[in-house]
Structures are given as C-alpha cells and as structure tokens.
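Since chain A is already given, all that's left is putting chain U on it; use the hints.
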Amino acid sequence: MSRFEESAPARGGFSFDLCKRNEMLVQKGLKPSSYLKTGTTIVGLVFQDGVILGADTRATEGPIVADKNCEKIHYMAPNIYCCGAGTAADTEAVTDMVSSQLKLHRFHTGRESRVVTALTLLKSHLFSYQGHVSAALVLGGVDVTGPHLHTIYPHGSTDTLPFATMGSGSLAAMAIFESKYREGLTRDEGVKLVAEAICSGIFNDLGSGSNVDVCVITKGKREYLRNYMLPNPRTYVSEKGYSFSKKTEVLLTKITPLRELVEVIEGGDAMEE
Amino acid sequence: MGDSQYSFSLTTFSPSGKLVQIEHALTAVGSGQTSLGIKASNGVVIATEKKLPSILVDEASVQKIQTLTPNIGVVYSGMGPDSRVLVRKSRKQAEQYYRLYKEPIPVTQLVRETATVMQEFTQSGGVRPFGVSLLVAGYDDKGPQLYQVDPSGSYFSWKASAMGKNVSNAKSFLEKRYTEEMELDDAVHTAILTLKEGFEGQISGKNIEIGVIGNDRIFKVLSPSEVEDYLQEAE
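Chains A and U supply the protein sequences, listed in that same order.
Count the first sequence with UniProt numbering and you get residues 1 to 273, in order.
Count the second sequence with UniProt numbering and you get residues 1 to 235, in order.
In isolation and in its complexed conformation, chain A is listed as follows (with noise of 0.2 angstroms):
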C-alpha cells in the first residue's frame, strides 16, 4: 500500500500525522476536498442454495449524481463477491487488493477461498486503518462449508447474519427484508425480495436511484445479473433533439503561430563529458 515515505515510522503501522493536520485545516475553515460517496442501498440474503447479493448503482457526490450506473458488487473470487458503501474509491481499493491476496492465496494452497478468509483479510486493513478508510461492505459467498453472509463497518468489526443490508438506504431494505424473509426461500423467491429491498431504497433514499443489480452465488455457479432491474428509465427523450441557437457571433478568425525562439550560439564550448 502506498505510505509517505517522509513520514512512516520505522517500524511498520500506519501514521496518522497527515489525519491530524486535515483536521487542523478544517478547523482553520479549509473546505475538505468532495470525494465520491456511494451513498448506497446494499443488500444481502442466505437462501437454500447459497447467498444473493443486490445492489443500487447510483454514485453521488454531494447533491450530484455522478455516475447513474456504476457496480457496487465487487469480485472477490469465483465464489465469493462483494458489495460496497461509503467511499467509492476506497471500497474499490480494498476489495480490489483482497481479491489480489485470495488469488495469491488459491495458487499457494491449490484450493477454493473460504468466505471467512476473505472476511479476516478485509477486517484486519479496515482496523489497521482505524476507520479512515471509509468502506462498509456487505460479503458473502459459497464454499466448502457452506453459505456465509457478512456485513464488515468502516471501523473493522464484523455481523454474520442471515441477511443483511448496508448503506444510506440500508434501513428502508431492512424494513422490506424484516417483514418478508423467511429461511428456505428457492431462488426466485430470494431474487424477488432482494429486487423489492433495493427498490425500497432506490425509491425511499435520496443518495441511491437508477437500476438494481443482482448476483446470485450458490456452490460452484455464481450468476451476475448486472442491470436486473430497471425501474427508472428515460421516459420522454426528444426525437427532433435539442438545438441550442448560438447567441454570439463571430467577428474575426486570426491565427498568431508563435515565433520560434532559436539562439546560436558561436563558438560555444563543447558538453563536458
């Protein structure tokens, strides 16, 4: 991972001089630079086969939407995905170099990554890094032991539950999933519900809209259903399109090209060797 070099302390561990003098600067009335929020609707349930994942795609930025239809269920390994809230580029990030590690890890062992495993990894950096890295994911997968679901705080702590949901929009899904989960349920009863959390979300939550997106896990077959819903399409697009009539005119074209600035130099000495 990337440290600054100037200011690492010998020994290995995260420094966090730099988190100390943001805060200064904030105090002083610097307006900390905007990142990219998910502000998220994401969801995840364990039904008869294994587990389902399901996430909005709309990224915001402030009050601005900055990508309408961007992924929030990560890889993580074959068997395994995850999906990510909070800062967009630190749930990339993180899941990103996990899936690097499993990957490392399946060469070295020969054998499928275990949920768990991808649970320990992600845990261990999100704490190492005491919260400032802004990721709160809900994971889940099939391995040899069986279906997991896990939700995993900025913080580093850990829920295992039968379903789950996380984000902005975390608690108009959660209304949806308390009323209407039940163990056992077959798969498209599973797809179902998880299409009808995120439409709670899409439509109750202000920082989560557009589409939903599905992934369905069970053992040795995942399905990602990018786009499974579509509930907010364009309803009314102009087929004569848009004409903006130009308001100025204009008078003069003139091209300057710039004069090359050439010196020569008579008798100079030669590079020195």
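In case anyone wonders, no lab produced these hints; they're calculated from the structure.
There could be a bad hint or two in this list.
Cβ-to-Cβ under 8 angstroms is the rule here; a few derived chain A residues that face chain U [claimed, not checked]:
1. S100
2. K103
3. L104
4. F107
The list that follows gives simulated cross-link-like pairs (lysine-lysine, BS3-like), each with its CA atoms no further than 27 angstroms apart [claimed, not checked]:
5. A:K103 x U:K220
6. U:K102 x A:K103
7. A:K103 x U:K92
8. U:K220 x A:K221
9. A:K123 x U:K102
10. A:K123 x U:K89
11. A:K123 x U:K92
12. U:K102 x A:K221
13. U:K220 x A:K68
For every residue, glycine included, the Cβ atom is placed at its ideal position computed from N, Cα and C.
Below, chain U without anything else, positioned relative to chain A:
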C-alpha cells in the same frame, strides 16, 4: 542485507573471468532430474521425470510442475526448495503486474522479472545463486512461448529444450524430432519419447509429470491417468 558480516557478494569473479559459483549452480542443475519442453504450433508442453527417493513417498503429494498464472506454467531441474522460492516470487510478481495494469502479465515480462530475481542472488551480499533452471511455458497474445531461465539470470526462448541429467542425448533427440508444424498432441508424444530415452526403469503415469497449454490458454497439469493414455498412444 547491508549491515552483517556477509555484506559482500559470495559470487566473485575468477581470474579467467568466470563466476565459479554460477558454474557450480549449473552443475547442480545438470545433476537434477531431466525435464524438457516443446513448443508446438498451437501450444506448449513441459514434462519432467518424477523419481521419488523411496517407494514409501506418497507421490500424489509431490507436484513438480507448477502454475504461475492461469496461462503460464513452469517446471524445474535442480534443487526443489530453490524452485519453490522462485515460484512464490513469480506468482506474486504476476499478481502485482495485474494489479497495476489490469492486464494478465505477458510471458516475456514474467520471465524477465524471474530472471532478474535470479540475477540479484548472484550479486547480493550473503546469498548464493539458485540451484535451478526453469522452463516457463505460456500462451498469451503473442502465441505459445517456451523460455529457459538459468541460475545466472539469463533467459532464452526455445522451440524445444531439455535440462538436467542426460541433457545432451535429450537435446539431440529433440533436434531430430522437432518440426515447426508440430501440433500439441504430437509434441506430448515426442516429449514422452524423449523422456523414455534416458529413463531408468519402467516409465508410467506415476513417475513422470506433464503440463500442457493449448489454444484455450489454460495451463493444465495432466493427471496420472491422462499421462497413461498418452503413454499408451506413444508406444
């Protein structure tokens, strides 16, 4: 590695301009079990003898041919533990390359980085050169490729090569048998016949190992029963 009593390099030049330690490393390779590789028109095959020190050793637990990435495999001749270190480093380098460029590492790049590691161990303090030569087989956008990496860190691309014991016989056999238009199955048969040339005892699916990569770009180590099938075809 700088502040110990061994901060000088143990590999030093002889008056004749040779690095004696590397010569000795090559001798260690030359007394290792035979391994060879053949590049076909549509894939690469690498093979090695798997002679175990005793019949009591569980041969299923030993695997000499290793996968570095899904489309690159490697076999060695020489000291097994040294090859383990190199395989581990190479896998990590391949993964770091992927993390940085989001592209599977090209075969030449991985070979070059592995060779760099091997060279570093001939010019650093307190370490000895690796006692292995590697044969790296891969298939990427440039097609099938076969590279040999020596303890000195030099690497060459080969159409067919052999290393370890019996290398001169094996190489002359390959020179006679190799054709540019050879396909992967023919290459596997040729590899088996070459191994058979210098083999002491009865060759079987349990005492040789074969790894192949074809157009599908997935490196695979053949199971003992698959090796037996090829052995019977080659008879």
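Verification of the supplied hints:
1. At a threshold of 8 angstroms, the smallest CB-CB gap from A:S100 to chain U is about 5 angstroms, leaving the interface hint in force.
2. With its C-beta approaching chain U no nearer than about 6 angstroms, A:K103 sits inside the 8 angstroms limit, and its interface hint holds.
3. The criterion of a C-beta within 8 angstroms of any C-beta in chain U is met by A:L104, whose closest approach is roughly 5 angstroms, and the hint holds.
4. Taking 8 angstroms as the C-beta cut-off, the interface hint given for A:F107 holds, the closest approach to chain U being about 5 angstroms.
5. Between A:K103 and U:K220 the alpha-carbon distance is near 17 angstroms, which keeps this suggested pair within the 27 angstroms criterion.
6. Restraint check for U:K102 and A:K103: satisfied, since their Cα atoms lie roughly 14 angstroms apart, inside the 27 angstroms limit.
7. For the proposed pair A:K103 and U:K92, the alpha carbon gap of about 10 angstroms is at most 27 angstroms, so the pair holds.
8. At roughly 21 angstroms between alpha-carbon atoms, U:K220 and A:K221 fall within 27 angstroms of each other, so this suggested pair holds.
9. This hinted pair checks out: A:K123 and U:K102 have alpha carbons roughly 25 angstroms apart, not beyond 27 angstroms.
10. Taking the CA atoms of A:K123 and U:K89, the gap is about 26 angstroms. The hint holds against a cut of 27 angstroms.
11. The hinted pair formed by A:K123 and U:K92 meets the criterion: a straight-line CA distance of about 22 angstroms does not exceed 27 angstroms.
12. In summary, the hint linking U:K102 to A:K221 is supported, as the alpha carbons are separated by about 24 angstroms, within the 27 angstroms threshold.
13. For the suggested pair U:K220 and A:K68, the alpha carbons sit about 42 angstroms apart, so the restraint of at most 27 angstroms is broken.
Comparing the model with each earlier hint shows a violation of hint 13 alone; every other hint is respected.
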